[in-house]
Amino acid sequence: MKQYSLAGLFVILFTLLGGAGLKAQSLTVTGTVEDADGPLIGVSIMKKGTSSGTVTDLDGGFTIQAEPEDILVFSYIGYGTLEVPVGDQRQLQITMDTDANQLDEIVVVGYGSQKKSDLTGAVSQVSGTELGKFPVANATESLQGRLAGVRIESAGGAPGAGAFVTIRGSGTLSNAQPLYVIDGILTGSMDNLNPADIESVSVLKDASASAIYGSRAANGVVIVTTKKGSPNGGLTIEADLSAGVQSAINRIDWANAGEYALIRNRANDNDGTNRSPANDVDFDPTVDTDIQDLSLRTGAIYNTGLRLSGGSELFTFSVSGNYLDETGVVRESSYNKANVRVNSTFTKGRFRLEESIGLTRTENNPNYYFNSERDILPTAAFRNPDFEGGYAATSDPSGSTAIHGVGNMRNSLAQAILEDRTITSNGLLGNVAASFEIIDGLTYKLSASLDQGNTNNYRFTPTYFFNATAVGRQNFAELNETNSEFTSTIIENTLNYERELAGRHRINLLAGYTRQVSTGRTLGIVARDFPSNSIRVASTAQNLASAPSFEFKSALLSSFGRVNYAYDDRYLLTATLRRDASSLFREDLRAGVFPSVAIGWNVGKESFFNADGFINDLKLRLSYGEIGSNNTQAYEIDPVLNLFGEYPLGTNQTRRTGYSVTKGVNDAIKWETTTTTDIGMEASFLDSRLSVTMDYFIKNTNDILVRLSIPRFTGFDNDPTFNAASIRNKGFEFGANYGKFTGDFNWSLGANLTLLDNEVTDLPSDPIVGGQFTSNGLRSTRTEVGQPIGSFYGYEVAGIYRSDAEAAEDGRTDARAGDFKFRDINGDGMLTDADQTYLGSPIPTFEYGLNANFFWRSFDATLLFNGVAGNKILNANIYRGYFDTEGNYLADAVNAWTPENSGSRVPRNTLVDQAFNRRMSDFYLESGAYFRLRNLQIGYSLPAGLLEGTNAISKIRAYVNVQNLFTITDYTGYYPEPGRNSRGGTNIFNAGVDESAYPMPRTFMFGLQLGF
Amino acid sequence: MHSTIKQLSRLCIAATATLGLVLLPSCDEDILNQTNPSAITPNSFYQTADDAVKAIIGAYSPFTDIWYYTRMNIFATDYRDDLVNGFGTSERTDPGRFAAESNKNMVAWTWAPAWKIISRANAILAYVPNIEMDAEEKAAILAEARFLRAYNYFLLVQTYRNLPLVTEPIDLEEARTVSQVDPQQIYDLIIADLKAAQTALPAQWPADQTGRATSGAATGYLARVYMSQLDYVNARPELLRAMNSGQYELMADYADNFEEASENNKESLFEIQLVSDGNSGWGGDAPGAGKGAGYMQDIAPPPAFTGQDGMRINQWALDLFLDERTVDGHVDPRAFTTLFFDSDETTPYQGRELGPTIYGGQTYDEVFPGSDFVFNKKYLDLEAGYTTASQGWHFSGNNFRVLRYADILLLFAEAEFQLNGSTPEALAAINQVRARANMPAFTIITMQDIMDERVKELSMERTRYQDLLRWGLVEELIVNRPGVKSESGGTGAYRPGREYFDIPDSELNNNPNFKHNPGYE
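Quick mapping for you: the protein sequence lines, in order, are chains A and U. Adding 51 to a residue's 1-based position in the first sequence gives its number in the numbering used here. Adding 3 to a residue's 1-based position in the second sequence gives its number in the numbering used here.
Worth flagging that the hints you see were computed from the coordinates, not collected in a lab. Note that the coordinates shown come from a computational prediction; the quantities given were computed from them, not determined experimentally. Don't take each hint at face value.
[Said to hold, decoys possible] When the alpha-carbon atoms are kept at most 20 Å apart in a straight line, the in silico EDC-like pairs for lysine to aspartate or glutamate are as follows:
| hint | chain 1 | residue 1 | chain 2 | residue 2 |
| --- | --- | --- | --- | --- |
| 1 | A | K604 | U | E32 |
| 2 | U | K107 | A | D768 |
| 3 | A | K714 | U | E252 |
| 4 | A | K872 | A | E250 |
| 5 | A | K721 | U | D33 |
| 6 | A | K714 | U | E176 |
| 7 | U | K107 | A | D770 |
| 8 | A | K167 | A | E134 |
| 9 | A | K99 | A | E181 |
| 10 | U | K107 | A | E250 |
| 11 | A | K656 | A | E551 |
| 12 | U | K459 | U | E252 |
| 13 | A | K714 | U | E171 |
| 14 | A | K604 | A | E638 |
| 15 | A | K872 | A | D861 |
| 16 | A | K721 | U | D331 |
| 17 | A | K604 | U | D33 |
| 18 | A | K166 | A | D620 |
| 19 | A | K279 | A | E120 |
| 20 | A | K721 | A | D689 |
| 21 | U | K518 | A | D861 |
| 22 | U | K107 | A | D884 |
| 23 | A | K99 | A | E250 |
| 24 | A | K721 | U | E32 |
| 25 | U | K107 | A | E134 |
| 26 | U | K107 | A | D817 |
| 27 | A | K714 | U | D174 |
| 28 | A | K781 | A | D808 |
| 29 | A | K166 | A | E549 |
| 30 | U | K518 | A | D817 |
| 31 | A | K714 | U | D54 |
| 32 | U | K269 | U | D256 |
[As the list claims (entries may be wrong)] Covered stretches of chain A (chain U as the covering partner; in silico rule of three or more C-beta atoms under 8 Å from a C-beta of chain U):
| hint | region |
| --- | --- |
| 33 | 633-639 |
| 34 | 698-708 |
C-beta atoms are modelled at their ideal positions from N, C-alpha and C, and glycine is treated no differently.
Generate the whole structure from the sequences, applying the supplied hints.
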C-alpha cells in the first residue's frame, strides 16, 4: 500500500504549493436575466465548479463577484442551463430559453457520464447543492425523500446512526446494501462522507444502467462524485458553521409507581397469588423512578466545515475539512466525526491525472441499554450509595428484588454510565487515475483505488451491584476489545472510444478490466478480573478468557464492455456485458456473465412532434438486463474443524479440549441473479416548466443466496448458504419538477412517489421465522412464498371475552372473562396454530417525497417532506407494557379489563397468563404510515450590494434549520422509523420490529455560511 | 514454491497496472483460489491417538450445550411430568402442555445436540479404526463412541419416537433422502451398541479421566432401555450384573447425590460433568464457555430465587411423601431434600436437622409468607454456599446424576416383581433404598408401592416422565388429571400420540421423506 500513500502525499503537497501561488483578481459583474416574457426572478447563478453564487432579484437583476476566468452557470427550473464565461464583461444581458429543456443535464453513469437525453436506463440524480443544504451527520440520510424508488430507512435516531438503503425493493434475503461508487472506488457505504463534499449522487436503478457493475449491482448502484476545484484561476474559500439542539419527539407513557403497584396488585389478585410487599404493605411513596425521564435529555450538535478550492487550466484542487460533534437525546450516547478531503486534477494536452482522497475519523459512544427489557421498576430505588457503583435497581438494602416480586431488574442508565464504550474508526478512501487520449476520441485510463479502515471497538464493564439478580450485577470486571483492519484495493483499466460519424451517428465504446482484492484481519480479546476498576487494558487482567480473531482475503476479477449508440439523437441503444470471477465460489462456478440491453426513443426530436403543444418533449425508454450478487461470506464453501469443544474431566474437573465437525458445507453456491425489465417515459409540459419521469419495473431475483436450515440430524449446527429463493419486486416510480414565479416571490417544487409490491415467489425450505421482540422467545415475522419478505404473522384479536361462558363456548379451556378472544381463522372450532395468519408487512407499499424551494428577495426557504404508507410496525412496548411480568407497565394497563370495566380493549391483568394473551397477535401491530416535514430551512443572504465594499467576503448567509418539525402518524412508539435494532440484529427478517429503538430527535439548528 | 507464486502474482499486479488491457485477464486468476487462513480443515484430522482422544472429548462436548443438560433438557423431561407445574405459557412450558408441535423452539432445541453427539460418534466409529494407536485405548474409545451413540438415540427415541437410523458420517445430499425407521430398529441399535460398550469399556477410568463412560454405565443404561420396553426378562440380569459388580453402593446421606461436594461418588453410574468457573456462555463448542448448571434457574422457586418463570410442584407429591413416616416418626428426609414447602416439622438425618429451609437458611414462611405452594429444592446445591440467581447463569458446578444406584435397585425391584412377584429379592432391593432414608421396610409390595417409591427417591431426576411413558400412564396421570398443568394453560392441546414431541420443522421441511408424528398431522 506504500505507493498509494506516497502518491497521496505528493498530491497534497503539490496542491498546497500550487494553491499558494494563486492570485485572486475579483471584479464585480452585474446583469439581468429574462426570458421571452420578461425578467426571471430567482434564477440561480453559480460560479462553475464552486458552490458560491447568487440568485436574481425581483427585476431579474444580479450582482456577483467573479474573475475573468470564471464561468457563470445560469440555471432555472424548466429552462435550459446556460454557461457564460466572464472574460472582461462587467455587464451581462442573459436570455434564457424554455425550448432547451432540462433533459440536457449531464448525468453521471457507470464509468462515465451522459447527456440526460441520451440515457436509456433508469437513473436518478440529485445535486450536491440540494444534499449539502441540510446539516445532517450521515450523508446517506440526506438522500431520504429525494429519489423515486430509493428507500432510506434511518437506523434510529442515535448520533451517527447509519441508514438502510433499498433500491426498488429488497431482492435479497441477506440484508445486502447497494454498491457505492465514490469517485470510482467501489465500496459498501457512503455513511462516512461529509455531505458538503458531494457534488452529485446518481442512483442506477435498472439493469441497463447498472449492468456495467455486473456482480456487484444486484441491489442497485449509488454513484457519488465529490466536489472538484474550478479551473478559473481563482481561489474560493467557503465556511459553514452550524450549531443546534435536539430532543426526543415523543415519549412513551409508562406507569408511575402508584399505577404500577395498582396494576401489579390487580394481576396478583386475579391470579390468586400474593401481592409483592413493595407494591402493597411496604409501598414506599417516596420512590417513583422514571427511567425514561432520567435517560432522555436535550442533545447538542455542532458542525464546522471549511473548503478551499480553485485551479487553473492545468490543475484544479479542492481541499475540505469538516468536524461534527453530536450528543444524543439519550444520555451516555455521543458521536463525532472528522473528515478531510483532497481532490485535484492535472491536465496537460492529452494527459490527465486525477486524485481524490478522503480521510475520516469517527468516535462513537453508543448507549446500548436505553429502553431495554426488564428495566428498573418505578417502585425501585435508582440509587444506593452503599452499593458498588452507587446505583441500585431495588429498594431493598440487601439487594434482593424479592420485595418487588421480580427475578430480573436492570438499571439501563446506570449500566450505561458505569460502562465504558467507544468505537473508534479511521478510514481512508482514495483514488488516483491517469488517462491518456491516444488518438482523438480514444482514451486509456488507469485507476487505482484504496479503501482502508481500522476500527477499535472497546468496552469495559467494571464490577457493580444494582441488585442481586443476574442482570443487576457484574461480579467481575470485563474488557472486550477488538481491533480490526480492512483493506480493499482496486486496479482498473478502461479504454473508451467516442466518435461522431457522418453527422448522425454517435458511438461510444467502453472496455475495461478490473481487479479487486479485499483483506481483513481482526484481533479481539475478552479479559476478566482486573486489579482495579480503573485499570482498563487487557495486560493487567488475571484471566484472558478468549481472543477471537480471524483473517480473510477475497478477490474479484472482472472484464466489461459497453456500446452506446445514438442515431440522429432520436434512436438510442445501450448494450452492456460484464464478466466477473469471484474467489467466494468454487472454481467451476466462479464466473458470472451479466448482459443488458436498452433502447430509447426521443420522440420529442422527431420532425412530426410539435414541441409547442401541450407536451413539449417526450422520450420513451425500454431496458432489460441481468445483474448479479456474490453476497456471501469468504470461505463459506470451506469445511472447518471446530477446535473449541470441551468437556470437564477428572476429579478436579479440568476442561479438556475436543475437536469436531460442526459446519455443513454447500460448495455448489453461485451468483444470485436479478433480471430487471424497465419501461420509462420522460416528458415535459407547460413550456417545459413541468418535467415528469415515470418508470414501471419488474425485478425478478433468482438463485438468491440465503442461509437455510438443514436437517439437524446431520449434527451440523450452521445454516449453510444455498441459491434457493426467488423474489419479485414490481413497482411504479413517478418524479416531477415544476418551477414558477407569482408576483413577489418564486418557487420550485419537486415531487416523487413510489409504489412497490414485494413478493417471495419461491422458497424451497420451511418459512423463515424472525422478528423476535422479547427475551421470552416470541417471534413475529415469517418469510414465505406469496408474501412480502418478513411479513408479520400471528393471531388476530377478535375482542375480549365478557364472560367465562363465552370463552367456554369457543372451546377455550384456558381462557375466561377478560382474556383475549382470538379469531378462529380456519373455523374448526378450536384455537390452534393453524389459526395464525399474515397480519401485515413491514415494507411500505407507497412512499413519497416533496421538496419545495422559495425565494423572496434575500430570503430563501426549503422544505422537504416525506412519507410512507402501507406498512406495519411491531411496537414491542405494547408487549412489554401490558404483558411482561418483570418490567414496568404502560400507564394504560390501569385500564385493563375488569368486571367493572368490561368495555376495555386491554385484557385483564395477569402474570400467569393462562390464556396466553401475549402470543404474537395484531395487538402489537400499528400502522407505520407517516407524513413529516423532514427538513425546513429558512435562510437570509446579505445582498451582494452590501458586500461590495468588502473585498474579502463574497457571501454571507445565515439560516435556521429544523429537522422533523412535525410528523403525522398514529404510531405510539418513539418514532415510526425504528430502524433495525431489535435483538435479532439488523437482519432483514427483523425489519419493522421496534424493540428498543433510539428515539428520532427533533433538531433545531442555526448556521452561518461564509464565502471569501 | 509459495514465494515464487507470490512473486509471480506481484509481477502480475505490476504488469496489469502498467500494461493494463494489453495483458490477458487470466494472468492472475490464481488470486481467486483462496483458502481459509483462520481455520483447520477436517482433512488432516483422525490421524493420531491424540486425534482420537480429541474426537471423543468433542463427542461429549454437546452434553454441556444450553440446548442439552445445562438447560433445555429439563423442559423435555421433568417439566412434562405430573409433579412439575411450570409457570407461564412460553416455549419452556410448551412440551408440558402437549404443545410440542414441529415449529416450537423446544422441539428443535432438544433435538439438535443429541444428534451432534451421534454424528460425532459415527465419525469416530468410521475413522478411528484406521488410526494406528494402542489397541486397548482404541477399543475403549470406540466402545465409548457406541455408548454415547446409544445414550443419545435412547433419549431421542423416547422423546421423538420416529427417527432416521444414521450410523455413518452423512453429507447434506444424503440427509435429504434418508427416511425415518421403525422405532424397533433404533432400539436394536441401542441395545447392540450398549452390549458392545459394556464389554469393551473399562470399569473405571484413571482419576484424571473421571466422568467418561464406564462399563457399569453401559450396563445400567442397557437395563433402563430394556425396562423402557417392559422387557423384564432381559433387564433383570443386567440389573443384577450392576448390583453384583461390587462397584456401586448407596451413599449414606441421600443428599450427597445432589451436592457438588460429592460428585462422581460410589452411588453414581453416569453423570454429566459440570463445572462452574465464572464463564458465562452456554457450553457446547465454544472456547471458555459456561459448563455449569444453568438449569438451576428453572427449578429454583420463583420469583425469589430465579429470574425465570420457574415452576412449582403439584400438591399430590407432597401428600404422597407425608403419607408415611420414618421409623422414628418423622417426615421422610427425602421430602425436605426434594421439596420446599410450608411445614412446622423437622427431621433429624445424618446429624443434621432437615426442615423447610432454603438458601441462606431462610424458612418457607420468610420467603413465601401466607403461601401454600410447594416448590422444588433438589439439586439447588444449598450446601455449596451458593446463593440463588444472584450468581449468574452457571453459578453451580453441581454435576447432574443421570443414573445412580438407587435407580438400579428400584428398577430391579420392579423387574423382579413383574417376573416373580413380591419376592425377598424384590423386597431387599426396595428396602435398601428406603432404609437409607430411615423409612420402614416393606414386608410385601405392590406395583403401586414401587411407583410411589420412585417418586420419593427419584423425583426431579428426569426419570419420572420416562416412567409414566413406559407404564402407559401419561394420559391418566397428566392429561386427564385437572390442575397438573394449571399454571401454563392446562393440557387441552393433548391428542393421542402427543406423549411424544413432533419432529422439528428443520427436518420435515428439508427432507421430503420425513413425516409428522401421530397427533401432530
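**Report entry** Pair hint outcome, K872(A) versus D861(A) [Cα-Cα no greater than 20 Å]
**Finding:** 9 Å, holds
Query raised in the report: If you draw a straight line from the CA of K107(U) to the CA of D884(A), is it 20 Å or shorter?
Result: 10 Å, holds
**Report entry** Given hint E549(A) paired with K166(A) - CA-CA distance at most 20 Å
**Finding:** At roughly 14 Å apart (the allowed maximum being 20 Å), E549(A) and K166(A) satisfy the hint.
Query raised in the report: Going straight from one Cα to the other, do K714(A) and E171(U) come out at no more than 20 Å?
Result: 17 Å, holds
Query raised in the report: Is K721(A) within 20 Å of D33(U), Cα to Cα?
Result: Judged against 20 Å, a Cα distance of about 19 Å means the pair holds.
Requested in this report: Below or equal to 20 Å on CA atoms is what counts here, so check K714(A) against D174(U).
Outcome: 11 Å, holds
Query raised in the report: Taken at face value, is the distance from the CA of E250(A) to the CA of K99(A) at most 20 Å?
Result: 12 Å, holds
Query raised in the report: Is it true that the CA of K721(A) sits at most 20 Å from the CA of D689(A)?
Result: 14 Å, holds
Requested in this report: For the pair supplied as a hint, K781(A) and D808(A), confirm whether the alpha-carbon distance does not exceed 20 Å.
Outcome: Roughly 5 Å separates the two Cα atoms, so the pair holds.
Query raised in the report: Does K656(A) pair with E551(A) here, judged by a C-alpha cut-off of 20 Å?
Result: 18 Å, holds
Requested in this report: Verify the coverage statement for the region 698-708 of chain A against chain U, using a C-beta to C-beta distance below 8 Å and requiring 3 or more qualifying residues.
Outcome: Three-residue rule met by the region 698-708 of chain A, so holds; n is 10.
Query raised in the report: Does K107(U) pair with D770(A) here, judged by a C-alpha cut-off of 20 Å?
Result: 18 Å, holds
Checked against the numbered hints given earlier, the structure breaks hints 3, 4, 10, 16, 21 and 25 and satisfies all the rest.
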